[in-house]
Amino acid sequence: MSFSTFSPEWFFGYDVALEFLFAIILLAVAIFAFRAYKLTEQKQLIYFSLSFLFIGISYIIESIFNYMTITKLNATICQAVKIKSVALFDLMGIYTHMFFMTIGLVLLVYMTFKVEEKRPLWLLLIVSLVAIFFSWNKLLIFFLLSSIYLLFLVAHFFGNCIIHKTANAFMIASAFFLLFISHLHFIFALNSSLFYFAGHILELFAYLLILLNLVLLKNEKKKRSS
Amino acid sequence: MKRKRDRLEIIHDILHAIKEKGNKIKPTHILYKSNLSHQMLKDYLGDLISKGFVEFNINKKGGKRYSLTDKGFKYLSDYYVIREFENSYGLN
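Chains as they are written, first to last, in the numbering used here: chain A, -5 to 220; chain B, -6 to 85.
If we strip away everything but chain A, and leave its shape as in the complex, we get:
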């Protein structure tokens, strides 16, 4: 079983491409934040960069494993490395995706606390990972937890919007709102494949907003340099 199990057949391949695109956008933002950190040494930026990096890695893993499922490459690999069960191999992909996504979201939520103390971070991480990996329905708990984290982030970003009142801040708040709604859709995707498709489309709009924000910032940089 991989995430593609929940996909309608006509969406096969498109989800792979979309997840790869999301990963590229997230990695671009992570690199931008890291460069800003090198210049300013603001700790918030390194947490931010790491969180986007981990979420980007989770999408790359999802994309790769979905691709392998669709092309039956997973069976070939299992034969080559002598893994008896293809389902077990696919599960590794799902678990790795959930692992990295959870770490990324927890880091992002921790960053919004703006505290020096590391213990809340470790507590959130441990509790989240234990809750997911020791539950009977890991996927359901994962999507529930990630929705809660995203809701928390939506509140943070809309609060930020009220403070800064810029188009960029509103774009990011809207992006995270769409991500929250998409994760709610993935909860229902466990029973209906249309929600899987809808979730991906909502994620696409969200990440396009994040990309647009980055492009506008880069254009601003070019204007100031010239």
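To be clear, the hints were calculated from the coordinates, so they are not data collected in a lab.
Quick list of in silico lysine to any residue cross-link-like pairs, SDA-like style, CA-CA up to 20 Å:
1. A:Lys32 with B:Tyr72
2. A:Lys108 with B:Arg(-2)
3. A:Lys216 with B:Ser70
Every beta carbon over 12 Å from chain B, so not counted as near; a handful from chain A, in silico:
4. Trp4
5. Ile64
6. Thr65
7. Thr90
8. Glu110
9. Glu111
10. Lys112
11. Arg113
12. Ser129
13. Trp130
14. Asn131
15. Ile135
16. Ile175
17. Leu178
18. Ala192
DEER-style ranges, computed between Cβ atoms:
19. A:Ile25 with B:Ile42: 22 to 30 Å
20. B:Asp63 with A:Thr90: 39 to 47 Å
21. A:Leu145 with B:Phe49: 47 to 55 Å
22. A:Ala74 with B:Gly45: 49 to 57 Å
23. B:His22 with A:Lys108: 30 to 38 Å
24. A:Lys66 with B:Lys67: 47 to 55 Å
Since we're looking at a predicted model, the values are computed, not measured.
Even glycine gets a Cβ: it sits at the ideal position worked out from N, Cα and C.
Using the hints, position chain B against chain A.
Only chain B this time, still in chain A's reference frame:
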């Protein structure tokens, strides 16, 4: 009462002060323009010189002068973009 400046803003104020004075400024002028204590300014300037944003020169008359390097100019041009990035995500 003016809010407390963060590190990014303090460095910007120091570099901007140097740039405004035609890229050659006396230490005391930076002190007045940057609105920092002597010790804090000394620490920041030491950090900026070690990181290659600012260079320190002594002119023919023995006067001390600070000037920006290319990296320092880049910081000033990147400052507003980084600030806007931080504002977008509520990082400051």
